[in-house]
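Chains V and G are the protein sequences, given in the same order. My numbering puts the first residue of the first sequence at 1, with every later residue one more than the last. My numbering puts the first residue of the second sequence at 1, with every later residue one more than the last.
Think of the hints as simulated: they come from the structure by calculation, not from any bench. All residues carry an ideal CB built from backbone N, CA and C; glycine is no exception. Please note: incorrect hints may appear among the correct ones.
[To be verified] Here are the in silico distance ranges between beta carbons for each label pair: (1) N2/G with G210/V: 18 to 28 Å; (2) T194/G with R170/V: 48 to 58 Å; (3) T213/V with K224/G: 51 to 61 Å.
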Amino acid sequence: MKTNKVQEGRVKSRLYYKRAAVPYLLLMPVVLFIGMFMLWPMINVFIMSLQNYVVIKPKERAFIGLQNYIEIFTKDKLFIKGMRNSAVWVLVSVACQTVLGFWLAYLLNKKFQGRGIYRALVLSPWAVAGVMVGIIWSLILGETYGVLNDVLLKLGIIERNISWFSKGSRAMSAAIMANVWRGIPFFAISYLSALSSISGDIYESARIDGANTWVMLFRITLPMIKDTIVLTTLLRAIWTFNAVDLIYSLTYGGPNNATMTMPLYIMTTFKGQLNYGYASALAAIATTIMMIVAFVYIKGSGMGKEEMY
Amino acid sequence: MNIRYKRRIGRCFWLYIPLFFFIIITLAPFYWILVTSLKTSTEVFAKPITYWPKALTFENYTYLFTKLGFGRYFLNSLIVSCSTTFIVSMLALVGGYAMSRYRFKGKGLIYVLLLVTQMFPAVVLMIPLFETMNKLRLINTLPSLILTCSVTNLPFCLFMMMGYYNSIPRSLEEAAQVDGCSLLGAVFRVLLPTMRPSIVATGAHVFINSWNVFIYATAFITKKDKYTIPLALNVFQGEFNTNYSGLAAGCIVALLPVLVIFAFVQKNLAGGATSGAVKG
Chain V
1 MKTNKVQEGR VKSRLYYKRA AVPYLLLMPV VLFIGMFMLW PMINVFIMSL QNYVVIKPKE
61 RAFIGLQNYI EIFTKDKLFI KGMRNSAVWV LVSVACQTVL GFWLAYLLNK KFQGRGIYRA
121 LVLSPWAVAG VMVGIIWSLI LGETYGVLND VLLKLGIIER NISWFSKGSR AMSAAIMANV
181 WRGIPFFAIS YLSALSSISG DIYESARIDG ANTWVMLFRI TLPMIKDTIV LTTLLRAIWT
241 FNAVDLIYSL TYGGPNNATM TMPLYIMTTF KGQLNYGYAS ALAAIATTIM MIVAFVYIKG
301 SGMGKEEMY
Chain G
1 MNIRYKRRIG RCFWLYIPLF FFIIITLAPF YWILVTSLKT STEVFAKPIT YWPKALTFEN
61 YTYLFTKLGF GRYFLNSLIV SCSTTFIVSM LALVGGYAMS RYRFKGKGLI YVLLLVTQMF
121 PAVVLMIPLF ETMNKLRLIN TLPSLILTCS VTNLPFCLFM MMGYYNSIPR SLEEAAQVDG
181 CSLLGAVFRV LLPTMRPSIV ATGAHVFINS WNVFIYATAF ITKKDKYTIP LALNVFQGEF
241 NTNYSGLAAG CIVALLPVLV IFAFVQKNLA GGATSGAVKG
């Protein structure tokens, strides 16, 4: 009797451990994969940032402590310029995309004929690669052959052809314009799914209580999708900060480094000068700053107080 | 009568005019590229600018495929995208199931880990990954891109999958098990078929992302016969210089597959993109 019970217990515990191991087994490939090709490389960046490591001078590779960092913070003017450009690039892009994306989602949430096909068309820039956006818009913005100047001339908004890429602020606005064009659908998609989850009853009862459209927008809709707004803007801000391919193919940081954002600066240091150590230090700083901003943003917005996961 | 009229005007003002505005700014760039790709290279510079080619020509497309070898690049892009899609879908399906259906120690940690990796910039990862790929002797090979695309797409897709699993009640599998299915049988016969649209959406998401991959491609690939489409276009953007119609044709070739896929799955994409991450 007793042995039987013990045996039963053993079987049970073996079964228990077997069951408990299942999720770990299922997740093992994912964790291994990410560990090998994302976490370890990330640690490696911080290690390499402490080295003097220029590819064409392999003999001089050695640990030099914080020297790269010191140089960045004290001497490197392009670093400050890059950070400032990145700040403008991210803030203006994301602000425009948030507003326009919400507006589009709001429209798409209404019923009208041909909504399905309209949606497929209007959201399509989502699928276009950053490099391609750069190329497409360089063909649109070209000074003499570009279509935008022609359209603006015909509408009487400008009097002469604008040369978009010769002046810093103009080149930046051109890049932001292209980026906004591409980013609106992402916002619209995520807001749309949040909007459609709000039940119509709430609006109905609000209408009976005499609320107009604006009141409903600010008192019901926006508060109800707040978490989605916070998360979407954060994700998009991070991706916009990281995005380099659009600017790479549109302006390549020019003119006179006016559109040189932080990631592009990292890329040119890495690919152009082959200075891996210095590029790693820049990368480490950029990543750290981004993490801090993201953390503060999540904390400050009070997102997911009920439950995050 | 009056009220109905007012309402109709209001609807026109608040709905149709904005809808028109959005569709124009969205489609105009596509239209312009298409038109440019059908012009001769001299007509591109002609004054006044033509909004429809005077002499319709496909010479730019034949030029791409016969002279510039875009067939090869197209195939390369296809290999990278398909392999990546397969790998990521498999891993996300399995991993997402574990994250959604089990409670276990370290779940929170894995969740945070996945969330944090979302923030790693491609330009930053590019540097150490170049070293890794160099050690694995994968520089200038397509597997370097497949590996990188897979791992960078994985966290987001796992979130998406997790959200989809969460949206399906557990009782569905339990009912199947009561009816005599094994757990695996329940997953394969009941759960996965109901999730098919979501799986397709996730796959499409990965396909589009890896078709578009650029930063890693510029870092890892320098050999011409291993170029992917975006990389080839960027290189030729420099070389083309004045052959803008050829460049536009290249854009159309690169855009066509992703736009078609996107058109088919965009409906299913809507729910998953962030809801998985929000609701977890």
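Worksheet item: Taking 51 to 61 Å as the hint, is the beta-carbon distance of T213/V and K224/G inside that range?
Response: holds, 57 Å
Worksheet item: Taking the CB of T194/G and the CB of R170/V, does the distance hold inside 48 to 58 Å?
Response: With a Cβ separation near 52 Å, T194/G and R170/V satisfy 48 to 58 Å, so the hint holds.
Discussion item. Please check whether N2/G and G210/V have a Cβ separation lying inside 18 to 28 Å.
Written reply: holds, 21 Å
Against the hints set out earlier in the document, no violation occurs for any number.
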